[in-house]
Amino acid sequence: MIKTDAIIIGAGPTGLFAVHQLGIIGLKCEVIDNLDRAGGQCIELYPDKPIYDIPAIPECTGEELTKGLLKQIEPFKTNFHLGQRVDEVKQEKDFWIVKTNKGNIFSAPNVIIAGGVGSFEPRKLSLKEAEQFEDKQIFYSVTNKNLFKDKNISIFGGGDSALDWALELSKNNQITLIHRRDEFRGAAHTLSQIKKLEKDGKIKIKTPFNLKSIEGENNMTAIIIATEDGKEEKIKTDYILSFFGLIMKLGPIADWGLNIEKKTIPVNTENFQTNKEGIFAIGDICTYPGKLKLILSGFHEAALAARACFKRAKPNETYRFEFTTASKNIQERLGKK
Amino acid sequence: MPKITYISHEGKKNTVEVASGLTVMEGAIQNNIEGIDADCGGSMACATCHVYVSDQWFNKLEKIQDAEQDMLDMAYEPKKNSRLSCQIILTDELDGLEVTTPEKQT
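So the protein lines, in turn, are chains Z and A. Following my numbering, the numbering of the first sequence begins with 1 at its first residue and continues without gaps. Following my numbering, the numbering of the second sequence begins with 1 at its first residue and continues without gaps.
Simulated from the structure, these hints should not be mistaken for laboratory data. Incorrect hints may appear among the rest.
Sample of chain A residues with no beta-carbon within 10 angstroms of chain Z, all distances over it, derived [stated by the list, open to error]:
1. E10
2. S54
3. W57
4. G96
Partner residues aside, some chain A positions facing chain Z, computed with beta carbon under 8 angstroms [said to hold, decoys possible]:
5. G41
6. C46
7. D70
8. E77
9. P78
10. K79
11. T106
Predicted model, so just to flag it, every value in this text is computed and none were measured. Note that the Cβ used here is the ideal one computed from N, Cα and C, for glycine as well.
Throw the hints in and build the complete structure from the sequences for me.
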């Protein structure tokens with residue numbers, strides 16, 4: 001069991017800045033995130049898109065912001081537990097016991113939930129019968145490339161994942177790339193490579209088609225795709241790869257005894273504590289009158305929640321507010337001088 | 001204030017007044033309309049405020065941008081008349097607008 005002062009759930013911008021705010025006041029923390037890298041929505045949803053409303057940073061991308069935040073917390077050498085989801089949060093006297101789906105157990109007087117809109121999961125095919133083939137003949141990510149050799153693979157999607165895998169797997173397989181409209185949004189140079197392979201008869205492109213049905217009882221043998229006007233085609237298919245991005249699901253957070261209001265957690269604005277003492281919620285997941293879902297609001301919320309954590313982490317010490325420009329303590333913690 | 005009718009996939013109609021200048025998504029959230037999730041809060045990053053707009057109204061809306069079209073690729077069962085409701089800004093001319101929500105958003 002890992003003991004610490006605060007457990008941060010969510011490694012998005014708000015969670016990362018919470019590490020900083022805890023760090024400068026001398027509190028240790030551990031960070032857990034379901035994704036396999038830090039950055040949250042910034043890195044998953046808009047790594048390349050510009051953000052214009054971070055104070056003193058006229059323009060930066062989601063990825064740049066994440067990198068900057070990670071650099072800012074380097075001095076605290078915080079442990080990140082990535083690729084695992086928190087499944088359970090339970091009270092034990094004055095402590096919170098947090099368990100992840102990978103079996104890690106943490107204990108701390110404070111939990112800061114900075115979980116955005118929940119954990120990311122791949123968006124699945126809408127067709128009901130797709131479920132029974134999942135992880136057998138239908139995949140939403142590729143973990144084992146070797147599975148695909150001399151197969152008929154139908155790839156759905158119009159973004160980079162769909163195009164990249166179509167290109168990669170076309171070396172050893174018969175690929176049909178299916179997309180709901182004629183335009184693809186993936187990188188232009190990948191698309192031109194694919195168009196060339198189409199000319200050479202190595203890849204088939206089917207637009208504007210959607211999946212209509214699957215043929216085969218226990219074993220998928222073919223799929224039927226259809227246009228909105230009702231034109232249908234049958235495609236021999238051993239495997240479907242579907243790339244429709246990620247969705248966010250609140251997941252187990254709903255089971256921790258916290259008040260939940262429209263997928264968000266109500267907090268008081270004095271310290272961003274939830275209805276449970278020692279559990280705080282900051283960033284997009286918290287709600288209060290006037291709440292704005294802005295990164296900068298998340299930073300403010302992190303600063304106040306961190307101060308509130310101090311009392312529970314160090315009940316016998318007095319917290320004294322200090323400025324980073326003037327505090328020797330803080331500068332030492334940051335490794336300055 | 002323009003009146004907006006939100007129609008569920010089962011055909012249940014819900015007509016509310018939404019101030020000009022707000023989006024169809026915001027109108028739904030403010031009025032507790034079911035069927036619009038808006039997980040990302042309107043940053044065109046999640047496709048969970050997806051609606052269908054009838055032809056009659058579709059052409060009266062401002063033209064769809066590439067980024068919205070790209071995001072609609074991710075939506076649940078997108079069609080030619082799909083829009084992200086966070087990108088439809090209401091004006092008095094849109095009084096009477098009807099949008100239909102899909103069976104689900106994710």
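Hint-by-hint comparison with the structure:
1. No beta-carbon of chain Z is positioned within 10 angstroms of the beta-carbon of E10 of chain A; the least distance is around 17 angstroms.
2. Interface exclusion of S54 of chain A from chain Z stands, the closest Cβ pair being 15 angstroms apart, more than 10 angstroms.
3. Under the 10 angstroms C-beta cut-off, the non-interface status given to W57 of chain A relative to chain Z holds; the minimum distance is some 18 angstroms.
4. Once the 10 angstroms rule is applied to beta carbons, G96 of chain A is consistent with being away from chain Z; the minimum gap is 25 angstroms.
5. At about 4 angstroms, the closest approach between the beta carbon of G41 of chain A and any beta carbon in chain Z falls short of 8 angstroms, and the interface hint on this residue holds.
6. The interface hint given for C46 of chain A is met, as the beta carbon of that residue sits about 7 angstroms from the closest beta carbon of chain Z, less than 8 angstroms.
7. Interface hint status for D70 of chain A: upheld, as the beta-carbon distance to the closest one in chain Z is roughly 4 angstroms, under 8 angstroms.
8. Proximity of E77 of chain A to chain Z holds as hinted, the smallest CB-CB distance being about 5 angstroms (cut-off 8 angstroms).
9. With 8 angstroms as the threshold, the beta carbon of P78 of chain A comes within range of chain Z, its nearest partner Cβ sitting at about 6 angstroms, so the hint holds.
10. Taking 8 angstroms as the C-beta cut-off, the interface hint given for K79 of chain A holds, the closest approach to chain Z being about 6 angstroms.
11. Here the hint on T106 of chain A is kept, as its CB sits about 4 angstroms from the closest CB of chain Z, short of 8 angstroms.
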